[in-house]
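Enquirer: For reference, the chains in residue letters:
Number of protein chains: 2
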Amino acid sequence: MKYVTLFASLVLLVLFSTVSYSASDTLMKQANRFFKPLPRVMQSKENPITPAKVKLGKMLFYETRLSVDGTVSCEKCHPFSLYGADGLQKSVAVLCRIAPRNAPTVLNAAGEISEHWIGNMKNVEEQASKAMSNRLDGNYTDVLARLNSIQGYVALFKKAFPRDKQPITFHNIGLAIGAFERTLTTPSPFDAYLKGNKRALTRQQKEGLKTFIDTGCIQCHNGTYVGGGMYMKFGIFAPYWKYTMSKLIDKGRFEITKNKADLYVFKVPVLRNVAMTPPYFHDGSVGSLGEAVRIMAKIQLNKDLSKDDIAKIVSFLGSLTGKMSQATLRVPVLPPSE
Amino acid sequence: MKYVTLFASLVLLVLFSTVSYSASDTLMKQANRFFKPLPRVMQSKENPITPAKVKLGKMLFYETRLSVDGTVSCEKCHPFSLYGADGLQKSVAVLCRIAPRNAPTVLNAAGEISEHWIGNMKNVEEQASKAMSNRLDGNYTDVLARLNSIQGYVALFKKAFPRDKQPITFHNIGLAIGAFERTLTTPSPFDAYLKGNKRALTRQQKEGLKTFIDTGCIQCHNGTYVGGGMYMKFGIFAPYWKYTMSKLIDKGRFEITKNKADLYVFKVPVLRNVAMTPPYFHDGSVGSLGEAVRIMAKIQLNKDLSKDDIAKIVSFLGSLTGKMSQATLRVPVLPPSE
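First to last, the protein sequences are chains V and E. One point on numbering: in the numbering used here, the residue at position 55 of the first sequence is 1215, and numbering is uninterrupted. One point on numbering: in the numbering used here, the residue at position 198 of the second sequence is 1358, and numbering is uninterrupted.
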C-alpha cells in the first residue's frame, strides 16, 4: 500500500513537471514570437560605429560647452546615474527653458523607429545634432567656434572623421554622439530568458509576462525594445488626460503632420529599464509604474486589471531592467577651454 | 694634447653636472619647504571616512532629487568630466538662479581651511548640507521626505549611520557627501617631484616652479594644496576689477564679517588642477591661465612678469594637474523614485 501511494505520487509528480515544463516552454516560445534579445550594439548603415567616433561621441555627450549658455549637455537630461533619464516630468533645457515633453532614457533608444515622443527626429544622430542647432536663437555657430578653439577636440574630430577637411560640424557631432548612443544597450534578465535560460525570470515575472501578452500589451510593446517600433493614439477608449491628470493637452504627432488622424498619437515608448525611469508618459504625469500600467490597460485596451495582474506585470517589467556596461558608467575627461 | 683636452672636458662636465645637480637639489629642497605632497584622503576627526559613508555620499553627490526642483545635484556644478568644476563664470543653481561666485573644483577642496570663496562654510560637510537646506525658500523638508520614500536610501543611510534612529537628516547628508569629497585627491607629477622623483617635472616646469617661488606666489599659494590655506585681499596694489574686467564689484569676506579689513578679501584658491578648470577668479572673469597669472603678479605683488616667465609658471601649474581615480570617474547608479 505504501509503495502504491509512493508510485502514484511519483506518477503525479512526473505528470505535473511535464505539464509545468511544457507550459513554461510554451510561454518562452510565445515570448520569442513577440520579442527579441538585445543586440550588442545598435548598428546603422548610415553611421558605422567606430571606436574613434564612440570615444569622441561620449565626450560630446557630456559636453556642456555644446550648449549656448554652457549649462546643458546630453547627459544633463540623460544621466546614467538615473538610467539615462532625469527623473523630471519635463527637463530643463538651455536658458532655463522647460522641454516640451518628458525625457525618455537614452539607453537602447537608438533602436527605435524615430526619436522624440512625436517621432520628429529620424534617428539618434539627427536628434543629437538638432538638439544643438535647432533651438539656439540663431547664435549656435558660436558652439562650433568654441569647439574649434579647444585643441583636444580638433585632434579627436580628425581621428573620428579622417576624410573630412573641416570635421567639426553639427552633422559630425550628431554622428559621433549617435555612434556612442548606439553602444548603449542594457542586456537584462529578460534577454537571458529569451535566449533559453528559464531561470532568468522569477515565477511572478513569468506570470507577468503571460499577463502582459494575454492582456494585449504586446500589440504595441513588442520587438527587441518592447516598444519603440510604432506610433499609436494615446487614449483609444478615453481621453488620456482624464486618467493621467495631465495639466496640458498635448496633440502629439498632429503637431508635425497637422493630420487629424495623428491627434494624440505618440511613439510607443520602449519599456526596457522602465522600472528605473519614472515618471511616465509623454508628460511625466504619472509617477508610479503600477498606476501607469493600470491606466494603459484601461484607456488603450478597455480592460480593468486586478491589483494582482498589475503587480505581476510590474514584476515582469522589472525583468527589463538591464545592466549598464563599465564603459557606459565611466565619466570621460574633457579637454579644458583655452 | 688630445688627452689634456679630453681631461679638461671631463672635469668641466663633472663640475657642471655637480652644479646642475645641486641647483636642482636646492629647488627640490626649497619646494619641500613650501609644499607638501597630497595625502591619500583628506581626513577629518569630526567625520571619519567609512566605506558606507563614501558610497552613500557619492550617490548623494549625484542626486538631483536633493534639490527642490529636481534639477541640481552637487555634480551639476562639479562634474568630473571637467575636473570637478563646470567651466562657467557662475553656475546655475536651483530654480535657474545664478550662483553668486564661480564654482571652484571639488577635487582636493576638503583640504582647505574653509569652503566657498568667502569662507562662509566651515568645511565640505557644512557646505554640502547647507547647499540644500539654506536656500530653498523654506520648503526643503520635502527633500527629506523624498529621500525617505526611496527604499534604497533608507537602507544606505542605516548602514552609513548605524547609531542613528532617524538617519536621513541634512546633517548626515552633509557627513556622507563630505566623506566622499574627502576621497577626491588627485596626485600629480608635482607630488612625485616633492617625493624625490626629479624627472617628474620637465625642465620648463622646474623653471616655472623656481619663478613661482622667486616671484612670491608662494606667499599665498603654498602648502599641500598650493592655496586654500588663508584669506587675502584681491587687489593689493590696484583694484582687482580694473584688471579682471569684472562686471560687478564683489566685496568678498566683508559680506559676512562687515569688517572693513575684509573688503575684497577672498580665500586664496587651491591651484591644484588649475590648468583644467578655467575660467578663473571668484567671478570667473578671466578665461586664460596665462592672463590670470599676469594679473595676479601685477595686482598682488606689483610685478610685471615677462611673457617667458608667465609661460614658465603656466607650465609649472600644469604639473599640478593630477589623476582622478577609477572610483571617482565611475557614475553611481541611484535607486529610482517609488
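Keep in mind the hints are simulated off the structure, nothing from the lab. Heads up, some of the hints might be wrong.
As a list, the in silico BS3-like pairs of lysine-lysine whose alpha-carbon atoms are at most 25 Å apart [claimed, not checked]:
| hint | chain 1 | residue 1 | chain 2 | residue 2 |
| --- | --- | --- | --- | --- |
| 1 | E | LYS1483 | V | LYS1215 |
| 2 | V | LYS1370 | V | LYS1215 |
| 3 | V | LYS1189 | V | LYS1393 |
| 4 | V | LYS1250 | V | LYS1355 |
| 5 | V | LYS1418 | V | LYS1402 |
| 6 | E | LYS1215 | V | LYS1483 |
Enquirer: Against this structure, judge whether each hint is valid.
Expert: Cross-check of the supplied hints:
{"no.": "1", "hint": "E:LYS1483 with V:LYS1215", "in the structure": "holds (19 Å)"}
{"no.": "2", "hint": "V:LYS1370 with V:LYS1215", "in the structure": "violated (41 Å)"}
{"no.": "3", "hint": "V:LYS1189 with V:LYS1393", "in the structure": "violated (29 Å)"}
{"no.": "4", "hint": "V:LYS1250 with V:LYS1355", "in the structure": "violated (36 Å)"}
{"no.": "5", "hint": "V:LYS1418 with V:LYS1402", "in the structure": "holds (23 Å)"}
{"no.": "6", "hint": "E:LYS1215 with V:LYS1483", "in the structure": "holds (19 Å)"}
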